[in-house]
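Enquirer: The lines below spell out each chain.
There are 2 protein chains.
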Amino acid sequence: MSTDPLVIFTPSGKRGRFPAGTPVLTAARKLGVDLDSVCGGRGICSKCQITPSYGEFSKHGVTVAPDALSEWNAVEERYDSKRGLKAGRRLGCQATIQSDVVIDVPAESQVHRQVVRKAASARVIEMDPATRLYYVEVDEPDMHEPTGDFERLERALKAQWDIPGIAADLSTLARLQPVLRKGGWKVTVALHKSHVPGPHRLIDIWPGFHEGGLFGLAIDLGSTTIAAHLTDLVTGEVKASSGIMNPQIRFGEDLMSRVSYVMMNPGGDVEMTRAVRDALNALITELAAEAGVAERLIVEAVFVCNPVMHHLLLGIDPLELGQAPFALATSDSLSFPARDLDLTALNSSAQIYVLPCIAGHVGADAAAVALSEEPGKREDLSLIVDVGTNAEIFLGNSTRVLACSSPTGPAFEGAQISSGQRAAPGAIEAIRIDPVTHEPRFRVIGCALWSDEDGFDAATAATGITGICGSGIIEAVAEMRLAGLLDPSGLIGSAAQTGTARSIPEGRTHAYVVHDGTADGGPLITVTQGDIRAIQLAKSALYAGARLLMDEMGVDQVDRVVLAGAFGAHISPLHAMVLGMIPDVPLDHVTSAGNAAGTGARIALCNVASRVEIEATVRQITKVETAIEPKFQEHFVNANAIPHATDPFPNLSAIATLPKVSFNDGGGDSGGRRRRRRT
Amino acid sequence: MSTDPLVIFTPSGKRGRFPAGTPVLTAARKLGVDLDSVCGGRGICSKCQITPSYGEFSKHGVTVAPDALSEWNAVEERYDSKRGLKAGRRLGCQATIQSDVVIDVPAESQVHRQVVRKAASARVIEMDPATRLYYVEVDEPDMHEPTGDFERLERALKAQWDIPGIAADLSTLARLQPVLRKGGWKVTVALHKSHVPGPHRLIDIWPGFHEGGLFGLAIDLGSTTIAAHLTDLVTGEVKASSGIMNPQIRFGEDLMSRVSYVMMNPGGDVEMTRAVRDALNALITELAAEAGVAERLIVEAVFVCNPVMHHLLLGIDPLELGQAPFALATSDSLSFPARDLDLTALNSSAQIYVLPCIAGHVGADAAAVALSEEPGKREDLSLIVDVGTNAEIFLGNSTRVLACSSPTGPAFEGAQISSGQRAAPGAIEAIRIDPVTHEPRFRVIGCALWSDEDGFDAATAATGITGICGSGIIEAVAEMRLAGLLDPSGLIGSAAQTGTARSIPEGRTHAYVVHDGTADGGPLITVTQGDIRAIQLAKSALYAGARLLMDEMGVDQVDRVVLAGAFGAHISPLHAMVLGMIPDVPLDHVTSAGNAAGTGARIALCNVASRVEIEATVRQITKVETAIEPKFQEHFVNANAIPHATDPFPNLSAIATLPKVSFNDGGGDSGGRRRRRRT
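Chains A and B, in that order, give the protein sequences.
Position 633 (the first sequence) corresponds to 633 in full-length UniProt numbering; numbering is contiguous.
Position 30 (the second sequence) corresponds to 30 in full-length UniProt numbering; numbering is contiguous.
Hints are not guaranteed to be accurate.
Subject to a maximum C-alpha distance of 25 Å in a straight line, what follows is the list of computed DSS-like cross-link-like pairs (lysine-lysine) [unchecked claim]:
id : chain 1 : residue 1 : chain 2 : residue 2
1  : B       : Lys158    : A       : Lys623
2  : A       : Lys182    : A       : Lys82
3  : A       : Lys239    : A       : Lys86
4  : B       : Lys14     : B       : Lys59
5  : B       : Lys193    : A       : Lys193
6  : A       : Lys158    : B       : Lys623
7  : B       : Lys30     : B       : Lys59
Which residues of chain A face chain B? A partial, calculated answer using Cβ under 7 Å [what the hints assert, rightly or not]:
id : residue
8  : Met143
9  : Pro146
10 : Ala329
Because the hints were derived from the structure by calculation, they are not lab data.
Where is the CB? At the ideal position from N, CA and C, for every residue including glycine.
Work the whole structure out from these sequences, hints included.
Expert: Next comes the structure, spelled out in structure tokens:
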């Protein structure tokens, strides 16, 4: 009877004995149990809620008496009457241990709670944000010991939270005195602890206990779109997401045209930097309004972006990225104040983190994909492809990870395609061609029906059928190959060769009519021989990049393929493989990671340790520069055929039969001419 | 013969043996001899010049042969023909040791050279600036190893200068790439190494070897004037000095009226902050132009200022400094980027250092006085008085240092004096009164002649004789006391009592006519009874503060008195003692430290280690708050008499006889009335 009561915490299973009367929070801290507290055990913040369990626990070998914890005290009564404690809950800082007890820490009382993402394959994010709230009671000024208010705040944080020292911006210092007095020397501070050595940084201060929470932004700054997720830094919950067009598009659709703009227009980089920063401020304001979050409560932003956007965001002329040797001004991660980017919509002391770049063509967005997908943490060999204007490609397993960028061009995004358009309502996003009749059916964005289903015309009347988007063109080309309308060399057969009037002449080549809307004043949507060539160039570059990494790794096949990028989510694995975009693997080994770059940004935002991790990972990644590898050109040429001139595709063959057709009758096609010259 | 040659460096006396062929610079580095080099021994910077000595050195026990160093090499020949090497000089990185040799390192080749200040009593400043230049050769980018240019610069600095890591602003990063290419991957960087832990900060970068030097500003930001010294960060030389009026004067002459302005006018602090920052930018531009120094080469500024100016500079509302308990927002030193103060006239990455404040009334200017005068490093007991609107007072020796501030008011600066004015041409700055005739003679600012010397009228015709400045009023009051025109209680005698028509009635009291310019349309300059009372209040406060510190120290006398402040330089020790401004000490133990606050700022600018020193010193200083010490009032009342009601002034008595007069005839003076009511 003289032994102290035993306390067992679940789900951690941590256990220990403590003298009767010990608060549960104290016991949890001593055992290293993850139990949150912002107010430091003063019964204010209610973050330390726990659920005691009663009765027999044979598993733990204890019996918990009904009076194992102290009676409710006045603080708990008051809290319950004001805000309501859930049934069975206690405040861990108030309830004291009286006898053996089993205590469950619910997920929302854990600091390092895990945020489960929607995508089934995705890893969970453990909450460990760089910026956190601390409630603290500061000594009043004393003329006999005339220290500054800031220094007394620092002393209180040391005494009450064991935080060794803090630093602050002048703008935060300027807010300090009135807040301390308004709060009666009780305040809540937001402190940012970077993953690089240095003191905690005072981001903001509120009188008394601050209830409003803290928020951060994960921003995927793409060449075409800027996507941002406003995230609760305590729960990890995404409060609002929004994407806007990158306003730099007016300076050039793709990256290289923006670099050209800078070369042609001195000061053009400054213009583009201003444009993107202005757009970011507008986006932040919009997100904050949508989520009902005060802008001042947004204290962090994490950026992922390709190297050119990286430089233009930071205010660095991207000139060098447009020419060999593609030297980055800086490749390491960056941590700096948001005001350096003129992001006035954030808290005035908000902190920015930009993920490291991997190489001059493999940016922080690729690093974010690596952080999200973690190829280096798996035993099997993963090929990860982030398809965009450039494709970033990773190949690796736990022994080694390789990365390269391949210049696919914008065809996969529907650009440089005769009927191509961005993914927007009215765009054809999926297509099937009957192998016998050669008639197509398709779906357009904004309508769940196929074009041969009842009600399709009515449902699409508003948007019309306006063009083909990136995933649509990939499917169209693959379906044409599957239906025998296209031969392995990429030639479209004539009406005579294919037996369908949908093959129409176009100059000396042919085009396939997907949809003729001309009767209603709409467009004639076709896939032309030029479109096929553009897709062939893009997919050859992608495949050649992957093949180059496989050479470097010394393998002829991979275990799995991950398609990343918003676009990756819409590519059908079968069609990608028919096209020969990706190496042959079993179809169920091709998965989509969704917007892996955006996910990587969220991970870096919610978990500061992941910043250390990705920085180390990037240093270890072997970079392969496609532009200077002689074998790239050979791989590129071989990959021109659909699916491939030389590499076998056994897994594809097992599930699909590609018609053995050849339309090379010596007529019209430039590709054909090229081949002829060689023979 | 098999022993290595002996190398002896002077003036350090460091010696060691090195294999024949060792460059002198290498030997110096190995022995820890202070020999400068910016280019790292590449024969570019010429900072490592040395002078070999030849012949017999019995003191060192060596004979130096004429060929003790290698012959001039091509690098030295080229340098000499292009720029000229002084006779006898060699480049330490090129000349190699062949046999025993004595090598002198001239002062200008030392990094830590000592800057001798003009004032004889003053300590020398050892150069050890926070910001220094480094010449470095950076690897070109390599596509096989795609690191950023910044990371390759970092690597080069590690390899060539053993600098472990650097950080940079975005604005500096933006300049990096073109400079590296322009310099052919050879650049000079300015790196700032703070005295607080953290990486070196890249301030700026120049192609090739940068010849332009680096500069810093020591700024004494006073309530009335802003004085700045543009200083060469290599030699310590002051290139230009300038002072301007503090534009905040339009919001209030003294500090408390500025605090009142803020109380009455919301946003008034923002207005005043903007005004002082604008003035600083203008001052910096003016100084740079005067010295012919590019503004971009000004990479640091050190500020000293009183607490109210400190807060207004930083953008902090000084409200709390206007009321007990006089809480500073922050008291520790501050290091931050100049752009946070909108000091756009400096280099865009320039760094600011603000000395710590000692207490709510004892600011960073007082800390600078402590740094300059170092009372804690002497065995004898020093009383240091910085006379201004408030007097900051230190008392201490190597065992302990005390500090307080005493509210002297502006009388010592000529304000609240009937004929008072600022120290400007035309102001009476010195005065003597004949003890027999009671006739005055005086000097005015802008003219070296006394008023009774030939040519005085002509010499002062342009300025006129316009009033009395601070040092003038102190001398006038003391001279009146010495001449028997003023009794110990501070009453001015009537014409009848004193026998001079220069004593004229003024209401129920009297005034002494110093100069009557009314005949020429000029002013009638008098010292009135009200002026005497104002000076008595001021000097009582000053003396009472000193006395309070002496109580705290447990002493009745001090060993020396140092008068600091620009004003201190103009106060005559004798007159100060007659007035009883300072405790009685032998007259030759009263010295002037000149603008000690400004000197402290220069020390902190030139020697980064001194920042650590003053921060530690300030923490150790015992602060005494006059406002809450009950004995202050008693000391204040006793100090009202001239020189003092109770304290003996034996040193003063030995050199001057104060007439035993009393003009208290029951008439007119409020002081007299007060005394009557007490009896």
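Enquirer: What are the numbers of the hints the structure violates, in ascending order?
Expert: none
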